[in-house]
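The two chains are supplied separately, each in an independent frame; assemble them into the complex guided by the hints.
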Amino acid sequence: MDDRKKGILSKLYPLTKLVFLFCAILLAIVYDWKFGYLIMVPLSLFLALFSGNFIGFLKKFIGALLLFVIFVFLFKIMLDKSDSQILFQWQFIVIRIQGLIDGLNQTSVLVVMAAVVLLFFETTEVEDLMISLQQKKVSHVVSYIVLSTLQMIPDMVKRSKVIMQAQQARGIETEGNIFLRVRAFFPSLGPLIISSISELEERAITLEVRGFSASVEKTFLKDIQSRNIDGILSLLIILLSISLLGWRIFLWLS
Amino acid sequence: MAVLELKDVTFKYQLAKETILENISFSIEKGEFVALVGRNGVGKTTLCSIMRGLIPTFHTGTMSGQVLLNGLDIGEMSIGDLALHIGFVFQNPFVQVSGVKQTVFEEVAYGLENLGVKRSEIIRRVEEMLHQLNIEHLRSKHPMQLSGGQSQRVALASVLVMDPEILIIDEPTSQLDPQGTEEVFETIRLLKERKKTIILVEHKVDWVAEYADRVIVIDDKHIVKDASASEVFSDPMILETGNNLPQVALLALRLLELGKVDFNKIPTTLDEAVEQLKGRADNGGN
Chain A
1 MDDRKKGILS
11 KLYPLTKLVF
21 LFCAILLAIV
31 YDWKFGYLIM
41 VPLSLFLALF
51 SGNFIGFLKK
61 FIGALLLFVI
71 FVFLFKIMLD
81 KSDSQILFQW
91 QFIVIRIQGL
101 IDGLNQTSVL
111 VVMAAVVLLF
121 FETTEVEDLM
131 ISLQQKKVSH
141 VVSYIVLSTL
151 QMIPDMVKRS
161 KVIMQAQQAR
171 GIETEGNIFL
181 RVRAFFPSLG
191 PLIISSISEL
201 EERAITLEVR
211 GFSASVEKTF
221 LKDIQSRNID
231 GILSLLIILL
241 SISLLGWRIF
251 LWLS
Chain B
1001 MAVLELKDVT
1011 FKYQLAKETI
1021 LENISFSIEK
1031 GEFVALVGRN
1041 GVGKTTLCSI
1051 MRGLIPTFHT
1061 GTMSGQVLLN
1071 GLDIGEMSIG
1081 DLALHIGFVF
1091 QNPFVQVSGV
1101 KQTVFEEVAY
1111 GLENLGVKRS
1121 EIIRRVEEML
1131 HQLNIEHLRS
1141 KHPMQLSGGQ
1151 SQRVALASVL
1161 VMDPEILIID
1171 EPTSQLDPQG
1181 TEEVFETIRL
1191 LKERKKTIIL
1201 VEHKVDWVAE
1211 YADRVIVIDD
1221 KHIVKDASAS
1231 EVFSDPMILE
1241 TGNNLPQVAL
1251 LALRLLELGK
1261 VDFNKIPTTL
1271 DEAVEQLKGR
1281 ADNGGN
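Chains as they are written, first to last, in this note's numbering: chain A, 1 to 254; chain B, 1001 to 1286.
It cannot be assumed that every hint is accurate.
[As the list claims (entries may be wrong)] Simulated pairs of lysine-lysine, BS3-like, Cα-Cα distance not exceeding 27 Å:
(1) Lys1260/B with Lys1030/B
(2) Lys218/A with Lys1141/B
(3) Lys1118/B with Lys222/A
(4) Lys158/A with Lys11/A
(5) Lys222/A with Lys1141/B
(6) Lys1030/B with Lys1204/B
(7) Lys136/A with Lys59/A
(8) Lys1260/B with Lys1278/B
(9) Lys1265/B with Lys11/A
(10) Lys34/A with Lys137/A
(11) Lys161/A with Lys11/A
(12) Lys1007/B with Lys1030/B
(13) Lys137/A with Lys1278/B
(14) Lys1030/B with Lys1225/B
(15) Lys1017/B with Lys1221/B
(16) Lys59/A with Lys34/A
(17) Lys1204/B with Lys1265/B
(18) Lys1192/B with Lys1204/B
(19) Lys158/A with Lys1141/B
(20) Lys1007/B with Lys1017/B
(21) Lys1118/B with Lys218/A
(22) Lys1141/B with Lys161/A
(23) Lys81/A with Lys11/A
(24) Lys1118/B with Lys136/A
(25) Lys81/A with Lys34/A
(26) Lys1017/B with Lys11/A
It is worth saying that the hints were derived from the structure and are not from the lab.
Next comes chain B alone, as it looks inside the complex (with noise of 0.2 Å):
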């Protein structure tokens, strides 16, 4: 059975003359890896707010259709009691702190807390998180005077320690340097391998393409396009939505344009391509 289910979600936020979603559908099951894309504004953090039951008993607007957590619809839950079972990292890290905690260490052991677990597994748990986002020379700093990367993987860090069923992250890495993404897309690896259901919003492309099990492209208020990963980021038409290609992709495109290289699939990431390139530069070299 599908861990998350949209049935043919329409919204419209209260003071916008449009909609911003129209009848979106997808079912996600559990331990799946999916990344949203579409360009900017096109409504994903939205998509992510109706997911987490934010949306509309947070964000007022007249929403149609159905959202259902392990069969159940998430409008009758209470949004408390979904802490429990979806965690939600959104774009700002700067406003994610509790505003209450001194310290990083206490600011990521804040959720536990609330989740009334005990003192012991807390510290444990914690130390854990700390060492696995690589951020244990933050423990004693004041969450509210990190950088904006620092902040980035506290936040993260707080909600992973809560260690929710399904998590929906947004953006996490927008403000990270390519040693942070990898940092962590190899945290959420480790998810994965946990059997945690992933929702994640990116514009980073070629992490997506590495990492992704499945891709929704959103366009226009609509899902152009819900495909594996590999399928979704070797088919051309995806430019024309806003988005970018893995540059392996691109690469493989032009070659392919240029008449140089024959594929017998676009590689999406850069092991594939290394496999398909690897015996042409042996035998040929012309």
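The shape of chain A in the complex, shown without the other chains (with noise of 0.2 Å):
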């Protein structure tokens, strides 16, 4: 049972991460471009100094950056067509300044999400998540449902595969042109589905064997438990969000 997932922050408590995951987000929400732009992404990168693999943690996030945030920001500094002061000008593209901080509010969001949430499983087994959730007394179907689904994606493109050779050695045209590759397609979704639902039923007799269904208390394999400092660090956390919404709120009052 050697960690999969090493660094500092793996060690926490997986709900403690939740906690701030959702904090972040939230306080994302309510401040604007400044909060998630100056703040959570600098210390987002900087936790994830110690998730033990911040190149992995860096490509995707700036993979995610560049899938949505760049689209919503160059719409937003097209179609500004406020008169505020002009910070570039070539030919027919303007970029003015209301329409920069408008793209910056309206992404702060999204980014401080992608930060959060990719550190979060960069640093967290599913697995562990789910042990955690269990522990508060969600239901183990519900953690069932969520860790078969992640296995059986990786199970049915191998499957998949399989099914493609299959066909293939009986005939049926598989590469080529987008045509061929479309057609080809059909014999081979037919037999991916209907053996994944026959193999449902003994998938849920092995379940009833290992006792998935027996009416006791489910121990678990993996020792995932709440040290003081997640206690210490949650209830920080908490406080703090509690403090800066006050602000928040505060500000708009006042």
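Dropping the structure here:
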């Protein structure tokens, strides 16, 4: 049972990190772009240094940014019709300061979400998260559904390859131009779905045999425990969030 | 009192035209090792599912008769709680994985987690089971990436580790080489020493003759013979039910037919055959 994820953050109780995740997103929603871009993103990057896989985190983070943030950003800048100061102008492209700020505001929640969610999964095994949720009385059925779905995806990919090969062996063309590929898609889809369904029954029997629905309190092989540091950290994060939230509400009211 | 008792059980699958099993009755004592034999499709696996309580709850069909576990009707117990009493290893080893565990060690531990066994106890029992079935080297492999024989042993270990009083094992050695088969049978022998009740479906009759106490032969919906292993496997009638006899029994029958050697009893295990033939080879030789 060697830990697959290393780094100090991985040693924290998953729920502590979950508290951090929710507080960060909540605060990003109520505060403007400065909070997101100037505090949360640098903080996430700093924390990622302790995740044991900084480069991996950075790659995924930048990938996520490229995917949607830049799009939103470009739209905001292009569609800006305000008459604020012009920062940059080239032919029909005009970038105004208001557009830039709008763009930053719109994307800051997304950026914070991407950063903390990626950081969370970079430092937390889903299984550990599920165990900690089960310890907080979440049903083991929920936990099973989440975990088995995660495992099923690579399994299905593997199986579809086998089916493809089997169909190829029976003379169905699976390679070539796009039409050939689309046509080959259907004869492999049927067996994939049917075999998955028929396996469900046996999977269910397996679970019953392993006492899945035995009416006893479950235990866990993995030793996932909330330590003192987790309690203190959660409390600090919650207190800090509440005071920041209070401050924000105070600003709104005044 | 019988641990497991079937009373006049008849079953028909929902979409089938005919019943698959009719008027099946037998009772199994505690600590007994019973083997079920019969040709393919005769209903051995169906019978296993009936004994495990999966029929008629899980697979639909019409069933009559009663299955009693320690004198209580199995139909009135929940399938989940039956896991505490009856372990069931079925044929296809590739689907007998929980689908939520990353390593063989965790996979084997899964049943114990579900039964609420303490963590230290889980580790001890899993270690012991991995050692016993000789799969320690697989401990950190992914349970979905094993060969047939490997996953068959992992499936067996995952159920045995839960230590139920009754074990129903459906063809546990279909994917195993001779060495693996021997290890599985040795494990079953150990279980028998620990007074576990074992019901085994197996086509490898040489092994069955060697280890089982009692053999139930099923053919054409009915039990056609229910007797001790040595009695069943010395009966040439068994060949007509689509089953084989142990190699030594076949040899003995052939020798009898040729009139060369006389046997006071057809041997069914190697030891028995050696015992019977030894004396003659010494004094005759002709």
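Are any of the numbered hints broken by this structure? If so, which, sorted upward?
1, 4, 7, 9, 10, 11, 13, 23, 26
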